[in-house]
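Take a look at the letters that make up each chain.
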Amino acid sequence: MKKHFPIAVLLAVAITALAAPPRMPRFHFENFTTANGLPDNHVFAVLVDGERVWAGTENGLALYENRTWKTYTTEDGLAHRAVLSLALDPRSGDVWAGTMGGLSRVSAGRIESFTQLNSGLSNDVVYGVSVEGENVWVATAAGGCRLNTRTGQWTLYTERNTPMQEIWTYGVSATPSKVYYAVWGSGVLEYDQKTGRWDKYDDPDGENEIVLFKDQGLIHEIVTSVSYVDNILWAATYFGDSRYDGRYWHNFLTKDSGLPSNFTNYIKGVDANRAWFCTDKGLAYYDGVNWAVYRPSLVDGKPEMTVRDSSGNVSRIAVSTAPAHNYILGIDFQGSDIWVATAKGLSHGIRQQP
Amino acid sequence: MTRSFHAGLTALAVALGAALLLTTRGIEIPVRAAVDTPSNASAVAYRGYASPVDVLLSPDGARLYVLCQDAMEVRVLNAHTFAAIITIPVGRVPRGFSLSTAGDRLFVANSWDDTITVIDTRALTAVATWPVGAEPSSVVEDRQGKRLFVANRISNDVAVLDASTGVEQRRLLAGRGSSYLTLAPDGSRIYATHIYPNRPPRRTGLENRTAPESEITVIDLFDPQRAAVVDRIPLHRIAGVFRTAISDDGRLGVTAELHPKNLVPLAHVEHGWAFEDTLSLFGADVGKPGSPPVEVPLDELERYASRPFAVSIAPDKSRIYVTSGGSDIVTVIDVARLLRFIHTHPGPFAQDLSASANYVVTRIAVGRNPYGAVLSADGHRLFVANRLDDTVSVIDARTDRVSSTIALGGPKTITPLRRGEQTFYSARYAFQGQFGCANCHIDSTFDGLQWDLEPDGFGRDIVDNRLLEDLRGTEPFKWNGGNPNIPTECGPRTEKYFWRSQTYDDLTLTDLTLYIFSLPIRPNRFRPQYQQFTPAQERGKAIFERALDKFGRSIPEANRCSYCHSGLKGTSQKSFDVGTRKLTDNTGMLDTPQLTNIALTAPYLHDGSARTLEEIWTVYNPEDKHGRTNDLTKDELNDLIEYLRTR
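Residue numbers (this note's numbering), protein chains in the order written: chain A, 1 to 354; chain B, 1001 to 1647.
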């Protein structure tokens, strides 16, 4: 017995190790609502700029700085009270806000707003915005457009000059090499910055809105968000999500991944392998192999974190906090912390471990 | 000898090349021929006026640099004997210059060339020319010599360049008409000012009756990578912000500015109710961090300091010196008395013509149209560039008297054109010398404001100020087309309703007319040079000239863009009703404005009610009376505007 004891210990450790869930990031969530300074609990977008955090809410643009909130409204020049999207110009620190009534540039407290009446903006409903160099790329309810901040020239992208079938653009991700548009009902549009040519990714069989076979192509034509990182396109739809490396597609559905829901509002890639998924049933993180989901329990509302390993084993992690709501609309990163926009508040996920 | 000969040849070639370039571009500005002078073959002397706009002293105080705008050169003088050392050609219409911290490089902003000339101050020669943004007007280098900041007037921003290569890194949003930059003495911040008021942030329908808003844009240099705008000091009711000075201890900032009273009828000039010439004070000496600046007047009853421009603060912070381009004076302010006054009296002070007696020490007469100024390091001498005299006044700061006047040479005779320019920039013709043409036409352009002129009735016919460039062939004048020519527009009418005095003689008016008609067109930054229009501009041109609408229906001739805005200057010189009459307007028949540089002249329409070109049609053309445009899609309207921006 004595001589078998070390073997037994090793075996026990090995079994324990094999059974332990993967080490996924854990957070302590600190939630902000109107009770502690947020102008509205409905938070559409969040943007981190160093120590400053911007929140696009249904009732103004809020800035969290030095532990206090300041709100910009239409009285300050904001195009509309409902702020749907945010983007940072890292070179100047200016923040661009897409609203239900136009596009606003927030620069050290001064706000300039561009609307379809006072500028070349194609439509006042601005779902997405992205800054790349001197260009601001905008996704609107009537197509995409680009503002050259140096020349003031607007260029519109619609069904006339792109392969877009629908002009309801929902999101945009601009990089020096490629610009991607998420088009509601028309897949993903790709603009090559070098050649100036457009390409399109949508239903591969041309018959259905959704792919018939796994990893056949973009999972669905109703695309809500795109994120292009490390030459990898991450695309979110209301019917699952996709990853595209320029050659192969890899699709994610609740039935074959750790996604808590196929209904995804927003996606943000960390790098080529990792991404965050903002769904109607919680916030999900994918590290290339494993999944983690953070949310208030759908059953009892208590904080919940689940981890799914590559074999599909799901473990529940004991946590004491969760994002403010299951309906997740946006995310941004502050070092190893995360900030999460939800339908009922803004959450600061303070990284605990690993 | 050989080096001098080659330098002379080079300068000659540069001048001839520039002349050829200007000729080929068809730009109507006087071109100076270069000739070698016997005394210094490497120097380039020009026929014509120097028009000094700024002065600088080398760090050791030995050299005086004078930036000569019309001569397009930097003149280098011995700062003690005032003997000429050398003249260095720069670009067209240079507007500002500055030295690097070490004093080894001089940067010149060439506003018409959109370039920065870099001069090696040891070799006293230009070593580089860097392209920058549209109409660069001021340039400063950071203390580390890493970054160069350039204020671009047309693109309303401050460009950040690599100071060693001139490669632009980024642009920072500044105020409209971004023009002047001041580096704080400790190098921590740059303060940027602008000459036109910012666009009202919201459309209320009463933008043209809203007080103008300006700002001092504060750029933080602490982060060596970022250099972001960190603050915008609001300047309420200000339109026309010029130079800023920061005291050596960093506790006091002073900005020169114009405070127009455009919201009331221009009928109270005799009460000082047209313009205030003021300073905005900010910093720790003035109030707590974040507190608004304090505006103080320079004027006093019957003694106006019209169009303050440059500000210098004595090293010991005892005095502030302010040049006033319209009054030909330097105002001297006692800082201790000024601070005591603002801290012991309830404000606001801006419109109190008795206030300045509490802190103004004296007003020193200098040459015509003083612009830039610089104090010697010991604070004993103030050099003032007198633009329209071709002189530099040297003021002994211990006696507050002009000790010397440096003549920069040039023609002995004053041409009629020059006399006209002097009249344009002088405030002496108005009642009590309160203001002049250049108050509303800053740097011979416009002011971005709307005015209520008396003859049309109080509160009636609010009119937007118009650009003066390229006026010949655009008669009649006034928005109602009531003045058939410039002598009528600028003579009796101006004297009666603006100046409230009858001081022009026939010759003065003739010269003034000559000057106004001579004002050249600035280069159009939106028109591709040496190539065809862009596709968007071509499409817009077709819309501008079209005779059929999108449904194939004929557009009545009078309802086509190209009918009213015909000819090279875009005006048929006739009046039309384009459906923009307001309840307060006496008539809907309005003169067709020329389209010259229209991209720069917002707001639009006769009363300035359209903040942008787009609003002319998206908001103020519901019945298609201002051209058939309601059939256009958004991208087509954008194309039309892209074309208009090239005019």
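Calculated from the structure, these hints are not laboratory results.
Be aware that one or more of the hints could be misleading.
Derived DSBU-like pairs: lysine-lysine, alpha-carbon spacing no greater than 30 Å straight-line [what the hints assert, rightly or not]: (1) B/LYS1478 to A/LYS178; (2) B/LYS1634 to A/LYS200; (3) B/LYS1288 to B/LYS1478; (4) B/LYS1288 to A/LYS70; (5) A/LYS194 to B/LYS1625; (6) B/LYS1496 to B/LYS1582.
Given the structure is predicted, the values throughout are model-derived calculations rather than measurements.
Evaluated hints:
no.	hint	result
1	B/LYS1478 to A/LYS178	51 Å, violated
2	B/LYS1634 to A/LYS200	23 Å, holds
3	B/LYS1288 to B/LYS1478	47 Å, violated
4	B/LYS1288 to A/LYS70	20 Å, holds
5	A/LYS194 to B/LYS1625	43 Å, violated
6	B/LYS1496 to B/LYS1582	26 Å, holds
The structure does not agree with the numbered hints 1, 3 and 5 stated previously, though it agrees with the rest.
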